[in-house]
Amino acid sequence: QKYGAIWTGDNAAEWSHLEIASPMLLSLNVGSLSFVGADVGGFFGNTDAELMTRWMQAGAYTPFFRGHAHHDAKRREPWMFGQETMVRLRKAAMARYALLPFWYTIFYEAGVTGMPVMRTMWMQYPKTEVLFGTDDQYLVGSDLLVKPVTAPSVVETTVKFPNDDRWYDAESFALIASGKGKKHGVTEITVPSDINTIPVFQRGGSIIARKLWLRRSSEMMKTDPYTLYVALDASMSASGYLYMDDEVSFEHENDYKFAKAHFSFNGSSLTNSVEVGSGWTHMLGLMEADRDVERIIVMGLNKEPKSLMEKSSGKAVDFVYRVVNGTRILVVRKPQVSAITDWELVFEY
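Taking the working numbering, I'd label the letters of the sequence shown as residues 2 to 350.
Check the hints yourself; a few may be wrong.
Said to hold, decoys possible - Restricting the straight-line Cα-Cα distance to at most 30 Å, the calculated cross-link-like pairs of lysine-lysine (BS3-like) are:
(1) K261 to K335
(2) K312 to K223
(3) K128 to K75
(4) K223 to K304
(5) K184 to K335
(6) K335 to K312
(7) K128 to K92
Quick caveat, the hints were computed from the structure, so don't treat them as lab data.
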């Protein structure tokens, strides 16, 4: 990336400052400054448990995620707000850590293409005029739609879903919007958003990688396995990619030591096609054993397969097919494939 981290200034521990954070961050991203964030909890003044929770939930889905406060403000470590609030704050932080592979990939994309990490709705849907003035919800990359809760005592909120795509709840996997409305329009849906929830949705047609093991730091996560979240569009297709390098040096740029996993699902197979830099080497965190895929979750698969096989080895792969929150889900555990090797999982119906 070209620029260092930027914050929105010394804000206050007030709901109005949380509300204005998203529009400010979107403006900075449109201006080519992607590594931006607002001080979680507010810089001046003292935050209460509800405001801190909502700010933590929102901040977890912004590029620069940090807590920062004036030295005269009361301490605000998560455990200072009681057990119940601490659990909620931990959940928000865990969501951020799980998505670090996704964040790393879209920051790479921003560095190479200039596309913002945090995107206005109109940037992704330029033909949907009703979204031109929308600044209270946004996209992380092209695949996650986020609608922060920025007012107290909220139990539900209304989200504008572009009709060009399907949208799945990122936590429950429920299909929220089918994308069957008027083309280039939106469907407004009121969704639950109590204090335990921030509305986040994965776009149908996308594949996102997460790391789900709980660790004390991102450094300890480096060789942890991936879980692939495959959200299918109406044609039962999806695609996405994962960028990988050593995460500490400039060897990806100077010596072309990097890899990109290109995932694709077409209804009958899920494939991985790996692109490697010309200086590729098996360094720590880039060896096959360091990049295992431990689980694959396919959302919206409308028919149960009879069998699943890894094509190159001919080995059968176990899976579970069930309905979760009204959405048909296929879960593959231990597929014995890696993010940095080519493979194909064949679905037989």
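With a cut-off of 30 Å on the C-alpha distance, tell me whether K128 and K75 pass. 47 Å, violated
Straight-line alpha-carbon gap K335 to K312, limit 30 Å: Answer holds: K335 to K312 is near 15 Å, not above 30 Å.
Given the hint that K261 pairs with K335, does the C-alpha gap stay at or below 30 Å? 21 Å, holds
Is it true that the CA of K128 sits at most 30 Å from the CA of K92? 36 Å, violated
Check whether the Cα positions of K184 and K335 lie no farther apart than 30 Å. Measuring from Cα to Cα gives roughly 39 Å; hence the hint is violated.
Is the hinted pair K312 and K223 satisfied, with a Cα-Cα distance of at most 30 Å? 28 Å, holds
Compare the distance between the alpha carbons of K223 and K304 with 30 Å, and conclude whether the hinted pair is satisfied. With Cα atoms ~35 Å apart, K223 and K304 exceed 30 Å; violated.
Checked against the numbered hints given earlier, the structure breaks hints 3, 4, 5 and 7 and satisfies all the rest.
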